[in-house]
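Q: The residues making up each chain are set out below.
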Amino acid sequence: MSDYVKYSSMSEGDAFLDPPPSFQVSQDVVDKYIKSTNDLTKQLKVKDNEGDSVAPPMLAAVYVIDALRTRVGPPGGIHAKQTFKFHRPAKIGETLFTSATVLRLYQKKERNYVEMTTETLNQHGDLITTGLITRIWGKE
Amino acid sequence: MTTPLENYKGLSVGDQLPELIQFVDQAMIDAYADASGDVNPLHIDPEFAKTTFFGRTIAHGLLTLAFVSRVLSEWNWDGWAYGGELDVAFLGPVYPGDEVRVSGVIESIEQTEEGVFARCKLSCYCAERAVVKGTAVCQIL
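Listed in order, the protein sequences are those of chains A and B.
Counting from 1, position 136 in the first sequence corresponds to residue 136 in the numbering used here; the numbering is continuous, with no gaps.
Counting from 1, position 111 in the second sequence corresponds to residue 111 in the numbering used here; the numbering is continuous, with no gaps.
These are calculated hints, taken from the structure and not from any lab test.
Do not take every clue at face value.
As the list claims (entries may be wrong) - Only pairs whose alpha carbons sit at most 30 Å apart, straight line, appear in this in silico DSSO-like list of lysine-lysine:
#	chain 1	residue 1	chain 2	residue 2
1	A	K42	A	K6
2	A	K6	A	K85
3	A	K6	B	K121
4	B	K121	A	K91
5	A	K81	A	K6
6	A	K91	B	K50
7	A	K108	B	K121
8	B	K50	A	K81
9	B	K50	A	K45
10	A	K47	A	K85
11	B	K133	A	K42
12	A	K108	A	K32
13	B	K133	A	K81
14	A	K108	B	K133
15	A	K32	B	K133
16	A	K139	A	K109
17	A	K47	B	K9
18	B	K121	A	K35
19	B	K121	A	K45
20	A	K6	A	K45
21	A	K85	B	K121
22	A	K42	A	K32
23	A	K85	A	K108
24	A	K35	B	K50
25	A	K47	A	K32
26	A	K32	B	K50
27	B	K50	A	K85
28	B	K133	A	K109
29	A	K42	A	K81
30	A	K6	B	K50
31	B	K50	A	K47
32	B	K121	B	K133
33	A	K85	A	K42
34	A	K109	B	K121
35	B	K9	A	K109
36	A	K139	B	K133
37	B	K121	A	K139
38	A	K108	A	K47
39	A	K35	B	K133
Same shape as in the complex, but just chain B (with noise of 0.2 Å):
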């Protein structure tokens, strides 16, 4: 049994969360190779990157949901990081100098048996080229 709520704890439907805006260049992206291991040319290699229908490096993807988590993370860590759900869509490339911008809206507050929950609804763009596109649900406790 689920229930729409409006409002719950302070939260409401239509609520922001806090925007962030995060420059990416290409030692961000060669940095998030290091550390993630995850070294595909098409990230690190602009000779290869030249090859492939990008034309140019690109950011990997999960470096952008890493912005995605900061989000979450400063609205409401204890939800996101205890049983919080992501799912997103990947849309485009983040180039280096480009500028993400991330921001999400609560679509949804929902009383189920095992709690209260929020659906995000949440975007990440690049000027005007959407990058990221997808939902979380964390909840709110």
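For reference, chain A alone in the conformation it holds in the complex (with noise of 0.2 Å):
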């Protein structure tokens, strides 16, 4: 049995992923996303503002592929748009939520192609990061 849903079964107007599957933004995480990033940036290694401390921002790109993970298809798939916004980085200790909408189906080229909206929130209801994917889905 396959760990992914068929293209066939979404429906444009679905919204998956409910309840939201639970992210934790350890420092192990955020650690190794650094680094297989050669991420250098300064900010990412003292305290904010509030005296915690941040991941990067696009440690996104990881939480809402994680939540999508049944909803990104087959082997073979590939990643043709992306959008993010950025409302605050994900912070090391947080617990993020992450749901998603089928917003479109349709094909092109002979290829399927599915767009996704998501928004992520923490465990207080916080917005972190909203998107919005989209994805050419591979052969079943």
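Hey, can you piece these two chains together into the complex? The hints should help.
A: What follows is the structure, encoded as structure tokens:
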């Protein structure tokens, strides 16, 4: 049995990830991300104005894709477009919840595309990131 | 009401963002797969990748966006991390062995009721091949 949904099973307007899966922003997760992306941003090495350690904004790529794991399609699918709005950086110790909605399903050059909107909140309901992801579905 | 500006706080339309050049190899792609949990075999399994359109492994598109984010973080951390917006298209693959060159230029500066924002045109190239293009909008604080 596949661990991804079938393209044909999705409909525009589907709100899924309900309840949204949780993602723990741990020191280990952030350290591994920073090392793998060779990110030397100095603000990541100091506390913010509230005394917290923050993650790179683009950690969104990790917690959003993690939440969408079963919705990015079978192996071989690729990322076509991405928008993000970073309302603020995620902080180490926060728990994030990402919800998503299928905005549009369409075909182009005999390939199946899906557009999904995403919204990530922390455990207090603070808005962290919103986005729109466009995926070319892999061969099922 | 939006008012276009030519410059603001020392930044001008046409200014270049700091350029970044990052070499990508399979070890970096594997490390990103491990860190992100995105273990799509297209990125990490050469045998599987041979069966795809690309014929070999490719880097995660979001790894390239991490390089874009490094540029914007260095240039304007507060404006990028606190309210920044990114809109990009992935135009081509980054292969192991490629050198990704990220560049950006301030395309416009606009004063709105919420503040002054710079719109930056972004591009990522591997040699002469465009792999990512798009825009970022950051407040100038």
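Q: Within a Cα-Cα threshold of 30 Å, do A:K32 and B:K50 meet the stated pairing?
A: holds, 28 Å
Q: Tell me if the straight-line CA distance from B:K121 to A:K45 falls inside 30 Å.
A: holds, 28 Å
Q: Does the structure keep A:K108 and B:K133 at a Cα separation of 30 Å or less?
A: holds, 20 Å
Q: If you draw a straight line from the CA of A:K47 to the CA of A:K85, is it 30 Å or shorter?
A: holds, 22 Å
Q: Does B:K50 sit within 30 Å of A:K6, going by the straight-line distance between their CA atoms?
A: At roughly 24 Å apart (the allowed maximum being 30 Å), B:K50 and A:K6 satisfy the hint.
Q: Under the criterion that the straight-line Cα-Cα distance not exceed 30 Å, is the pair B:K121, A:K35 satisfied?
A: Status holds; Cα separation ~27 Å.
Q: Do the alpha carbons of A:K109 and B:K121 lie within 30 Å of each other, as the hint requires?
A: holds, 28 Å
Q: Between A:K42 and A:K6, is the straight-line Cα distance small enough, at 30 Å or below?
A: Violated - the C-alpha atoms of A:K6 and A:K42 are around 43 Å apart, more than 30 Å.
Q: Hinted pair, alpha-carbon criterion (30 Å max): A:K42, A:K81. Please report holds or violated.
A: holds, 28 Å
Q: Hey, B:K121 versus A:K139, does the alpha-carbon distance stay inside 30 Å?
A: violated, 33 Å
Q: Below or equal to 30 Å on CA atoms is what counts here, so check A:K47 against B:K9.
A: Within the cut-off at roughly 26 Å; holds.
Q: Checking one constraint from the list: CA of A:K42 to CA of A:K32, max 30 Å. Satisfied?
A: Distance of about 16 Å is within 30 Å: holds.
Checked against the numbered hints above, the structure violates hints 1, 3, 6, 9, 12, 20, 27, 31, 35, 37, 38; every other hint is satisfied.
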